[in-house]
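In order, the protein sequence lines correspond to chains A and B. Position 318 (the first sequence) corresponds to 318 in the numbering used here; numbering is contiguous. Position 119 (the second sequence) corresponds to 119 in the numbering used here; numbering is contiguous.
By construction, these hints were calculated from the structure, which means they are not laboratory data. Just so you know, even glycine gets a beta-carbon here, dropped at the ideal spot from N, CA and C. It cannot be assumed that every hint is accurate.
What the hints assert, rightly or not - Computed beta-carbon distance windows for the label pairs:
#, chain 1, residue 1, chain 2, residue 2, range
1, B, I494, A, Q95, 23 to 29 Å
2, A, Q273, B, P495, 35 to 41 Å
3, A, N357, B, S738, 38 to 44 Å
4, B, D733, A, A306, 44 to 50 Å
5, B, D635, A, Q353, 30 to 36 Å
To be verified - To be clear about the criterion: a stretch of chain B counts as covered by chain A if any three or more of its residues have a C-beta under 8 Å from a C-beta of chain A, and this derived list gives those stretches:
#, stretch
6, 117 to 128
7, 490 to 503
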Amino acid sequence: MKPSAMSKRKLKESSAESAESISQVQKILRERFCHHFCAAGKLFGMEQQYRHLLELLRRTTVHGESNSALVIGPRGSGKTALLNHVLKDLREMTQVRENLLEVHLNGLLQTNDKVALKEITRQLQLENVVGDKVFGSFAENLAFLLEALRKGNRTSSCPILFVLDEFDLFVHHKNQSLLYNLFDISQSAQTPVTVIGLTCRQDILELLEKRVKSRFSHRQIYLMNSFDFKQYIKIFKNQLSLPAEFPDEPFAQKWNNNVQHLSEDKAVQDVLQKLFHHSKDLRSLHLLLMLAVSAVTVHHPLLTAADLQEASRQHSTDSKANIVHGLSVLEICLIIAMKHLNEVYDGEPFNFQMVYNEFQKFIQRKAHSMYNFEKPVVMKAFEHLLQLELVQPLERPSARAQREFLLLKLLLDSSQIMEALQLYPNCPTDVKQWAASSLSWL
Amino acid sequence: MNTRQQSKLIYSWYGKPLGSDRKLRTSHYKGILITSESSKTETCIQLGDFILVEGVNADQPYVAQLVDLYEDGAQHKHAVVQWFCRLEEIPQNQRKMLKRDISAQEVFFDQVLGYDTDIAAETIIKSIMVIPLHLGEELPVITLNKEQTFYVKQSWDGKCFKVLSPDTFSKLKEANKTRGVITNSSKASIPSDIFTPVKKKTESVVRSATKPKKIDMEIESKHSSSKSSLSKERHSQRMANNDIKTPTARKKLELNSPTRSKGRLLGYEVLGLLDDDCDATAPLEQSATKRKVKFTNDILGSPPKIPCSDDKSKSTTQSAEHHQSDIMRLSPYTKVNDFSDEDKNLQEKDDVPSLGGYQSSQSPVVTPRSRRRCVQKTSALIAEQISMLDQEDFLSDSDSSYSLSSEEKEDDDDDDVPCTPEKKTKSNRILSTPKSSRKSAVHTPAKTLRKTPLKGTPRTPRNATPEIPRRIQATQEPASVLEEARLRLHVSAIPESLPCREEEFQDIYNFVESKLIDGTGGCMYISGVPGTGKTATVHEVIRCLQQAAENDELPPFQFVEINGMKLTDPHQAYVQILEVLKIRGHSFFSLIFLSLSLQLDLLWTQKQNVMYNLFDWPTQRHSKLIILAIANTMDLPERIMMNRVASRLGLTRMSFQPYTYKQLQQIVSSRLKGVKAFEEDAVQLVSRKVAALSGDARRCLDICRRATEICEFARQKRAPEMVRMAHVTEAIDEMFSSPYVNAIRNASLHEQIFLKAILAEFRRAGVEEATVQQIYHHHVALCRMEGLQSPTVSETMAICSRLGACRLLLVEASSKYLHMRVRLNLSQDDVMYALREE
């Protein structure tokens, strides 16, 4: 804490000239945190996978060897980043640069084979492309593409790299015929192709149809976020540090020193430890840092542990509990009534009438500060809860069923309700007591 | 009769006649003496001995066992033999059934019916050894008499190979023992030369034409082993046909330096033979004594066109040869008489050289059947070689003109062979024959024609040529052993042959061949799990058939491949067929290879009309459509197809079994032949592992390829490295290990606790399904136990959806929030195993 406080004081003196630097810092760091998959960033803990993929693609381009591989890892584990890195480094090799055609497909965009085929044809600039449009029927396009690929051979044709992002979505295409054809080409003496699929599903191989599976080379590259906490701290430091080519050098020096101190700070380590325990993926770290970095201003030029703690608090708050904070006392009373019903009936669904009865009991026997609302008013409050999706109907409301008797479920856990009540401003004590025990009036 | 001639080999009986048959006027003997005048040696061959018998082929005399010796009323010496056949005599396409390597010294006990076992005694060359061996036994190391020792392990009955019956085995063994004694006692040595064979069949022809008793068949010794025995065969035929000896041909052949490539040599030889035929016939037609021709050929018979530069040295060597050479007179064979009918079936082609091809194998393609079909056979071979010669562009102009004349002559000779003229024209580079254009149509894909410029609607890319841009820099050739191995192990690398699928190949080949010959249609259904070589085998069959059709051994046919997976719609199948049929008329045979790759998900329409139409086609009258349908499931016709479709598919079924580990091992090692990149054990490990899992050959090759990469990574230093067990194990682990356990171990702490909470909830409820709310309570409790800060509901939901995205969990739509139901996507045991190991 102490060194950061000192540096703060020092910085106040030079606040005017550092305004420029601050905006620079914000720009650099935000770019880094938002475009985490761009090739400019760094890779962590995947050197082996990097070498494997690079070697694979290098052989495709240099030797004309056909291959297929899947990059599998949970969301945010750096699959796209890895691929982009490899491609960037590949393009820097002279023997590769102009020898590789790339086709990028995304399962979310190319939702069926027809669209995918047109996209492939367009990206390959085959001859049935006029301008940006691909002509011909689906069957013609397929025949044309297959024919084009069949004509090539290992030594003379330009190798093609197919990158299938969200590979698992291609699996759901009819008959998986696109995948079949791509893998079939990669296993036969035609134009050299390499098919790289990116997916987060661990069970992807089970989804492949048996013919497709047999043609796939079973080369899987797993990204697992397999770093420990020490490395996590290192990544944290690395991500927050300013690059050496930062224009205002003394400021960069100060900033980097501060980051070094932060990484050794116990409070900061606690925050990071908590985040690390919850999720190892780097996106959540980026999100946390983004929140923290937004707090940096001219008057507050360096990050502090408090900034990170605040960011962490924001990052981990319960979204539903937040909604509860903004409810009226009547609505809170209804939620408490529902909670009691849940406890009594062990999670069985309830309807409005039951909630209203429970509320009436409370009003009549226990409440001193509460006004006895009319039923339509209570109904109105109840519908507000429905709109906020704090309660959910079991079936769609129909015109015939009376709204009072529609079966519902509460989407809040009792612990969430209790927690929210603690934080609720100006909550009447009798309501609090009632919330603690449904039998408190006895 | 042999004494009447001044021949150098004299055959006389050994001992007194054992007995005689008055009626048939035959007397039997127990042995025969062969006396060579030139070397003054005497060889005694007794009953039960193994002998070499002159055949159509000088380098490959037939192997036989002497069973009986007798002299008939006309004082002709006869011998009754039990034949053995050499590997070369077995049709090429059936050799695959052996599934092992055959050494040149191995012969098969011949049980093919229909061979004449009665031969003239004068065709016996000398005695040899034939040693019976058990199937597994290795050939013993041969120290001396390499050419005179043969081994027999199996018998061949024209259809399949069998292990020798113990009875025959002991008989053969016995024969060897007795024989050893006799040779010792007789102490006879044999001149090492082998005799030029005389073709049995043509001999009989000759006899009928020109009183063979008066004709000396001339035997010339040969030493040049580089000579193709094929050409010799042809030579002898030519000789018989024209009643003439053409020594110049020999000579020309010998001029070819051995360094020349085999293909050229063959072509050249053939041409030389043809040359000599045409010009030597005229002057020497009437000459009665061949010997004269032979001995004078250095002066007389050398035609001016021989491009012979070192004539002198050649002639001296030849005269030296003549010195040793023997002449014997042959009486006509009875063996061959009954085969003259077969000449008529010239259309019908057997066997022949589709697989190995003439370029690769040193061994001539001689089949047992072709013993009697030499006319057609040789003409086909000539055609083949000439066409090859044509490719090689080896001919000078003058040569080609000669070849033309000789061809014309030959056409006169064999004008009962309808296929030859066409081939001949081919050799003369007249490529505009309908045949050749058909061929080109077969080779070029249908698309080229479809893409003929058609100024039409702009919607279809009719005039576009499908092409991938060419690469700018050339591919690098493999630099190291490992890279070479990787290249060969790639699934796309086309092997020279398909090991371990010989029987299936044979069955399919025979099926299609018979249909083609009969001119009928038919269906065959081929099933098998992926990666067992169905498509590869069918392609190989088609390739062989196309080759056979090019050689005019089979009627020409069209080949259409339809892959259900490559169609967007079942009805597109019609389009593909139409495109091929458009190129040529419908007069040709059509062979449709239908790859029902997606077992009819694709060719399956509601009414199954596409399949119905396809399978109905062959059953129509005059239809000449053969369908080979490939699918994965064995009982597909029963399961999916309607009855009327299934019944048209017929009952010709074949299923490909998954490869066993031995076969996989063979596949890998055959691809790696000559490249020392793998340890033997490593290959075996891969094969066993894959065979245990799926028997998918593709998988096996992929693992091997991956292993070479791992090996390359591991070695770093430049030292040459072999792929060892460790590398293979790593590759196997990489490909087969379950990703789930690893994924769980690398999950974050709360994700692991969440999984533990799921297990706890499952155990509590006894149901393998729980809502997030229930799990959350367990999760909080677990966190409290471990002294961790308990997560909020939102965080828990995030954990749940992350695990759901990886498919470690199966989750419902997230709109249900806390009431979302969760199931595990792997067994509880796996989760526990993964979590416990921490």
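So which of the earlier hints does this model not fit? 2, 3, 5 and 6
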